[in-house]
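Number of protein chains: 4
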Amino acid sequence: MPQGPEEEFTSEMHFTDEIVCELVQVCASDLMVVNAARVSFNRESEELGDKEKGLINFLMKNHHGTPFEHNMFTFRVEAPLFVQREQMRHRIGHSYNEWSGRYAKMDPKFYVPSYVRTQVGGPYDFEEVNGDAANVFRIHLEKTYRALYMEYERALRQDVAKEQARYFLPVSTYTKYFWTCNARSLMHFVGLRNHPNAMFEIAQVAKSAENSLIDHMPETASRYVEHGRIAP
Amino acid sequence: MPQGPEEEFTSEMHFTDEIVCELVQVCASDLMVVNAARVSFNRESEELGDKEKGLINFLMKNHHGTPFEHNMFTFRVEAPLFVQREQMRHRIGHSYNEWSGRYAKMDPKFYVPSYVRTQVGGPYDFEEVNGDAANVFRIHLEKTYRALYMEYERALRQDVAKEQARYFLPVSTYTKYFWTCNARSLMHFVGLRNHPNAMFEIAQVAKSAENSLIDHMPETASRYVEHGRIAP
Amino acid sequence: MPQGPEEEFTSEMHFTDEIVCELVQVCASDLMVVNAARVSFNRESEELGDKEKGLINFLMKNHHGTPFEHNMFTFRVEAPLFVQREQMRHRIGHSYNEWSGRYAKMDPKFYVPSYVRTQVGGPYDFEEVNGDAANVFRIHLEKTYRALYMEYERALRQDVAKEQARYFLPVSTYTKYFWTCNARSLMHFVGLRNHPNAMFEIAQVAKSAENSLIDHMPETASRYVEHGRIAP
Amino acid sequence: MPQGPEEEFTSEMHFTDEIVCELVQVCASDLMVVNAARVSFNRESEELGDKEKGLINFLMKNHHGTPFEHNMFTFRVEAPLFVQREQMRHRIGHSYNEWSGRYAKMDPKFYVPSYVRTQVGGPYDFEEVNGDAANVFRIHLEKTYRALYMEYERALRQDVAKEQARYFLPVSTYTKYFWTCNARSLMHFVGLRNHPNAMFEIAQVAKSAENSLIDHMPETASRYVEHGRIAP
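In order, the protein sequences belong to chains A, B, C and D.
Residue 1 is where the first sequence starts when you use my numbering, and the numbers rise one by one after that.
Residue 1 is where the second sequence starts when you use my numbering, and the numbers rise one by one after that.
Residue 1 is where the third sequence starts when you use my numbering, and the numbers rise one by one after that.
Residue 1 is where the fourth sequence starts when you use my numbering, and the numbers rise one by one after that.
I should point out that these hints are in silico values taken from the structure, not numbers from a laboratory.
It is possible that some hints are incorrect.
Given that identical chains are not distinguished, each listed pair holds provided it fits within a single copy or across any two copies.
[Said to hold, decoys possible] Cross-link-like lysine-lysine pairs, in silico, BS3-like; alpha carbons within 30 Å at most:
1) K143 - K51
2) K105 - K143
3) K162 - K105
4) K143 - K61
5) K143 - K53
6) K53 - K207
7) K53 - K176
8) K162 - K143
9) K53 - K162
10) K105 - K51
Bear in mind the structure is a predicted one, so any value in this text is a computation, not a measurement.
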């Protein structure tokens, strides 16, 4: 990779492994689940008593999913592209709007992992790599990221369109997006992504989302865990 | 149709043409549309000024639909089955839970129209029928509904399962359901159903929904009407 | 219900409990499932050997659903409205076009069950009703259907719009529709509707659909049954 | 970026701007559109005559979309990640399975554009860059790609998990995926992506898909273009 003099760097590099999934708006309650289910029987509840909790348990256990759709969670996510690519494979009951490298310059923010791993068996069996080997990997990443962002900025200065200058940027570049889902689609996502087989980095997103479910629909969240984190 | 003595009627008949579509929960704002769109440019707004309004206009005009998905409206609808059948053909971005004739007895509530119409040309050209002809139609409907509900109740008394006793009930029987959508799917529904070609009765649902959009996302609603009620 | 002289009947009544779900076009294979999954590993198979069968089993068992979406089944269904209403609640991965009572006259074809049932416990515990009680129910249905269709035709003769004349028609009136789905959405439908808790009549549709899966994707169908008829 | 001796390269680099979208299976016809629409009127056609063509025109013009859903196209796409990222934002009526960098090593195949462009006005106004400037960009890309793939392979040799070693790989790395859609969702995709505002590279995918529509549903394709490439 051709490298220019150090003074070409115009931006401060930002290396991190923080993944943010912050709740920005929510409209959700356990009681609405109950009333959505009870409309089948032409009945309605005003409080969440034992019967109502029993009903949520019944719905979760028997995979009656639609009563869990009458609610909404919106998150602001900051994560590397390799996380975004996996998350946006979730299509139904999920809405997204994302930072576009066609329209706006990407920031010099890149993923450098604290947790470096090696595969030791099946596709989901990993062991942490520590010490020198992990440090070498991180040092190579950081040097490479600096060089790549310099190439990106140089291409921009030479008036190459943003949508082409970004060809230099790696899948570990950070992006930002709004993500809206409902409790049912959230539980489907969490069931696959807060799971022992899930990629460590997307599990951070899933854990944050699950915490929001616990905060706003505690009864739903408890029964979900109790029945094996399988979305109804 | 076999008729028993009057004393067999155990329920009071309810004839109406009122169609209810009542907002029960909402989380929606024009500003969220702006911020969902601006994340593409890695920018954010805190107030809805002229630039922000211009952006909503741009999105609507150019059919950029996804920024309108980060919000939620839940309605409680009371309408005849022939309205429900048409509404639930709307699949994407719409959630429903409905009164079930398998699990609960249906109420003796039936649709009797004030507005009786005759087709006078193409499939969407109607003229109102007034006077005697309309009255005869309504009288026949009411007599029939009484007889049918009597048959329904008699079958139930003879222990026929609810899911079979209802075979007597007409498509003009009232049902009740929760309906959740977002502004984008709402606009798609309203564009087809608050339209000159739409069936009069479903247009009542669509008008109520559109009023909720006006109340909670006034800028979105104005630009939607301005650009021909075509969902972005 | 007001009744006119017999000569008013212009159509021949058709009472039946036959429910048709006929495959009209299909593009589906087990091999495509394998290759959709193997693209993850940048590999491709040309024949369905033991390894490929093992992979289908793995996908089904571990709920990897997307490889089952690259195929299509289209059915022509003839069923009463109360079946159609339940089926069309299935939204994702399902396409429908249905006979419209707004545009075309409905046929005098109505559901009269051979299998009459009574509820004997929970909502899904039924026992067959035989002999006189069942016959009385069927006789009442047939008499009612005759009277209702007469009312429907009379309203049409008096130029009431088709979309209103049908208010007389019961939910047991037959309709007709095209239904297109893929193996994944088909399995989701079948899992709920060819199930002990499903309504008997919709189970007829589900069984036909499952037979088409068996014919065209035998390996998928076997593993589906083996793993408890839970859609991946 | 740290560089090792040349002999470390174990793979042959492949630089290209070819984007492949090859039809691998299809089940589609104009006649099925007609029959899906005609079921509304309880009618059926056996041939595609003038009346049937007129009906397709009517459906397209008046945005009746559902009759265009009873068909299927499956494509094998080979394209850079920045194309895949944009395509997979299309959620409804689209199915995907993709090469996974978690499970399999990525090939040393990278996008080097013949068509280099600069932005000269609004976000969609570009002019081609020719001569030296374009060559310099391409040379920098190729040198960078070589260095990045070397880093990728070195990390793999040092037993870093594949899902982490790929942090070095750019968004211009080629991936491969199966994509299944129906004519309605295909037309929605093509309307946005074979459009003057679309990114040049995704337009190659959209043009291939549109050619398959022309081949298998010529009447649908003609009316689609005639009515402004707006999906019904």
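*asked:* At most 30 Å between CA atoms: does that hold for K162 and K105 within a copy, between copies, both, or neither?
replied: Result: close both inside a copy and across copies, 7 Å intra and 28 Å inter.
*From the Cα coordinates, with 30 Å as the cut-off, is the pair K162 and K143 best called within, between, both, or neither?*
both (23 Å within a copy, 20 Å between copies)
*Are the CA atoms of K143 and K51 at most 30 Å apart within a copy, between copies, both, or neither?*
Neither. Shortest intra-copy (60 Å) and inter-copy (41 Å) distances fail the 30 Å Cα cut-off.
*Intra- versus inter-copy proximity for K51 and K105 (alpha-carbon distance at most 30 Å)*: For K105 and K51, the Cα distance is within 30 Å only across copies (21 Å; inside one copy 54 Å).
*Which holds for K53 with K176 at a C-alpha limit of 30 Å: within a copy, between copies, both or neither?*
Answer is between; shortest inter-copy Cα gap is 23 Å, intra-copy 37 Å.
*Have a look at K105 and K143 and pick one of within, between, both or neither, based on CA distance no larger than 30 Å.*
both (21 Å within a copy, 23 Å between copies)
*When no copy is named, should K53 and K162 be tagged within, between, both, or neither for a Cα gap of at most 30 Å?*
Between copies only: 27 Å across, 53 Å inside.
*Within, between, both or neither: K53, K207 at alpha-carbon 30 Å*: Within one copy only: 24 Å inside, 35 Å across.
*30 Å Cα threshold - placement of K53 relative to K143*: Intra 55 Å, inter 44 Å, cutoff 30 Å: neither.
*Within, between, both or neither, where K143 and K61 count as close if Cα-Cα is 30 Å or less*: neither (51 Å within a copy, 43 Å between copies)
In this structure, the earlier hints numbered 1, 4, 5 are contradicted, and the remaining ones agree with it.
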